[in-house]
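Q: Need the complex rebuilt from these two chains, each delivered in its own frame; the hints are there to steer you.
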Amino acid sequence: MSVIKVQHISKNFGALKAVDDLSFEVQEGQVFGFLGQNGSGKSTTIRMLLSLIHPSSGSIEIFGKSLAHHRNEILEQVGAIIERPDLYPYLSAQEHLQLFAKVRKQKIEKAAVQNTLEKVGLANRATDKVQTFSLGMKQRLGIAIALVHNPRLIILDEPTNGLDPQGIADIRRLIQYLSKEEGKTVFVSSHLLSEIEQVASQLLIIHKGKKMVEGNTKDLLDPQKRIVQIKSTNDELALQVIVAGSFSNYLLPRKEGVFLKIPTYEIPLLNESLIKAGVALLGIETKNSLEDYFLQITSNV
Amino acid sequence: MWSLISVELYKIFRRPRTYIAFGAIAALIVVIQLGLKIDGNSYAAFLMKDINDTLTVDGKVLNGYLICYILLQLLLVHVPLLVALIAADMLSGEANLGTLRLLFSTPYSRTQWVFAKFIAASVYTILLLIWLAFLALFVSMWVFGTDDLFLMKSNYVVLIEQNDVLWRYVGAFVFASFSLLTVTSLGFLMSSMANNSIGPIVGTMSAIVFFTILSTLNIPLFTMVKPYLFTTHMNNWKEFFDIKVNASNEALYGSILNIAKIKNSLWVLTLHIILFVSASIIIIKKKDILS
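Chains as they are written, first to last, in this note's numbering: chain Y, 1 to 301; chain B, 1 to 291.
Hints listed in this document are in silico derivations from the structure and should not be mistaken for laboratory results. Some hints could be false.
[To be verified] With the Cβ distance kept under 10 Å, some of the chain B side facing chain Y (calculated, not the full set): (1) R14; (2) G98; (3) L100; (4) T106; (5) P107; (6) L290.
A virtual CB, placed ideally from N, CA and C, is assigned to each residue, including glycine.
Isolated chain B, as found in the complex (with noise of 0.2 Å):
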């Protein structure tokens, strides 16, 4: 099994198509990173205007966490789509291309293969993500330093000590990985459904884009299905960041808010990654390879 799953992956690192993902990450970051670096106090300044008035808030607002913060909320949705490009073409480029014929001739199952397939890809989906929290987190910390971070949700703020704040970012990052994986494993199976790369990557897109839509619409009917959905736990992760406070509205340290939230999010997530991944397998293995 290791042997497929280091031949999958030196065809993913070998392909330019790969490096398209984490250039596009690190030419976002470095955009924000640079925008806020030369104009961030204005940016502070906006974020704090309705509360300056009742809150004086001491120290560096804008330090390194709260960039990590801003840049997590504005790429953990973009993120899925670039995870889409490698892992809806995993079957379905090696269809397009002519050589799925050549792996399924080897001695073999079809299983075993798309696991090895799965299992590369996923590496990608990680791998992805560590560049992402390099450079959204460390780089950040480094340029613009650290300090407390001040989050404003929507009817309160929230507080956290700066040696609170880095084991939630890990916490974050791992429940992330969650949320890519399934995006990985919804692309895989697309991947398994067709002969060309293009269908499973714009389908992979459009189901999450057509799954968020349904998760932020508060509609009666959509209510019901919304907790079932992927899209709907996939932005969980900002759970790390709310906290529990005592009477005196003093943060607790090292608390999270709501941690049964969060664990739900990832028992809906693993589900849907078994789903997906065991009725690629299922289509795979069914299929006759006519390409």
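Bound-form chain Y, shown alone (with noise of 0.2 Å):
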């Protein structure tokens, strides 16, 4: 059952296309990673998801219900952190569990509040005013705030950032054990893709608001599966051949350039047709991993 269902949402503010025809969908108990660069569009659609934003265009389905009719329905089963763990400096930890619980309509006992910081690691400090909070332990907070009324989706926005190894370690933790033992569906953003591949089962990497690249993060990953880029005095004619042939399903998408995914025993055939369709070849070069991908897609466009 899809938990997500985006349909090619757009939102301009003014003359920038902050994201662009963008549809994917999330299954349910799925670890969605949602990657990009700062700036590719991750947050403005996060917060279209969220109904903070309104799309221009397009549609959002959230458990089946559409967003724009659903709004209060769908966000009861949602919890959230969006960007910067931004929080109220005047209160404790432990309040801010106490007031989001409050208006989650959830009575929650003290032993609850607790549990739910043991979760974050904040245990010891939850008495403690968030203005003595480091940026990593904001981020905690903010993630126990959105676990604090049991949701079935959560939403996290670069919940890593700020954090040290062993915190970033913790929160990995966390997502596989909402995923595995809770059963939750969590969609994840980053703009890093060794975060991601480590917890995510899908993959969509977003691009100046636009999707380049979706598919199951194993089969991305797959070592047997190359990463190529064709390099020839014609890319239209290398494309025309590629999609006429039987290799137009490892075409990844990109504005300049032809990169394909691809199983490293079919270089050989591709490199055949190629040739026999008159392509003038300068090469087919291989990358190293889905980062050089990432990398060098998010670099030059």
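A: Structure (structure tokens):
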């Protein structure tokens, strides 16, 4: 079952197209990785999922219901942190949880507060005011607030920002626990592939508001498949050959250059097809990993 | 809805800034009361100097009721500025802090949040007014005692029997609550348009000063708009202290000279409150939360 179904959403801020015709689906119980550089449109997309920003066009369904028409019903089952962990500096961690539990009409016992704070490693700072917290601690508290009402869908926007390596590992473990042990659907964004690839079962890369690549993380990171760049004097012709042949499924979206994620054993066949079709090949360059591809598409385009 | 209001009240009263206004009012009132306690008789003599030849007043002119009237005249001009400190920060302060997105991603409509915040800001305003009433009226009554209320108007004097005064203050404070709620709603409107606290606070204060100047200027062009300005009506709590007289020029117990003026002012203020809050809701509903 689709927990999130986004269809052709766009968001314009004046002349700037922050999100451009983006579509994707997130299945129940999945950890969905949403990857992109800073300013790629991740947070705008997440804000649209939380009804904080109105899409310029397109539709969003969560739990099979239109977000535009069933907003409150949907948000009852969603917990989120969005970008920075901004909180009330004059309240303690414990008070934050009690406050947001009250907003969600949840009666929360002190033990449950303590338990939630323990989950994120803040149990020993429960009564301290947030103004004394480091960025990492605020981030953990933000996650605790997102979990306080036991939501079905958890949206985490850059949850490891400001955390030290131990904190990053803790958050990773927490995401895995939430997904595997509690059956939650987790939508997690990051600008670091290395972070996402360790937790996400599905991956989407966004750049300049557009979807660049989407797929199963294992599949995308499959060592049996290589990311290759076709270098030729005529990219148009090379593309035509690929689309017409049996390689179109391997094509990766890219504004410039021709990239494919292709099983290693098919690279010679691809080479042969291109030469036969008269493509003046300069080379077929193999990229080492999805990270190379991610870095390349997000650095030059 | 109640849970949202209680959450907003909790946040208001956990912020140190909230108590600045309570402290400022207490400081001002205590200073004035102290001054009048020490040198009140000279002040009373100064007030009475023009009528001493024609009128003899028995009893205690400088009593708790008069002190309260003097305090209200002085303070009800400044209290709106203190109200603006909180009201104009209710939405923009959260936007500035980045917590507005936390609130607006909960299963409540933005209209519900705006209402809850407005009600919480209104509770703060009313509490501030009750604090003002307690210090200005009850503490003054305790410190200075009570007697008939003797007021000097621009071209006449008003003498109200002491047992006809207290209910007038109740009326005046209820009226003042409408005036201050108008300021609260104006601050709220300013707050809905900005993502930082300073702009709306300064904006609200500037709007009050600007419209007060328009309300007091007797230029024909402005005379046309005066009846529609909230600042024209904010000080009409004084109407509770204008009393009807009979043919022998004796005050009529329990009367108000121009009750229609009070009713009209209450209507104008209420309409302003509705207008400002509705505009805030429309702005917030359309707003993309980018902070």
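Q: Let me make sure I understand: some of the numbered hints might not hold for this structure. Which ones are they, in numerical order?
A: none
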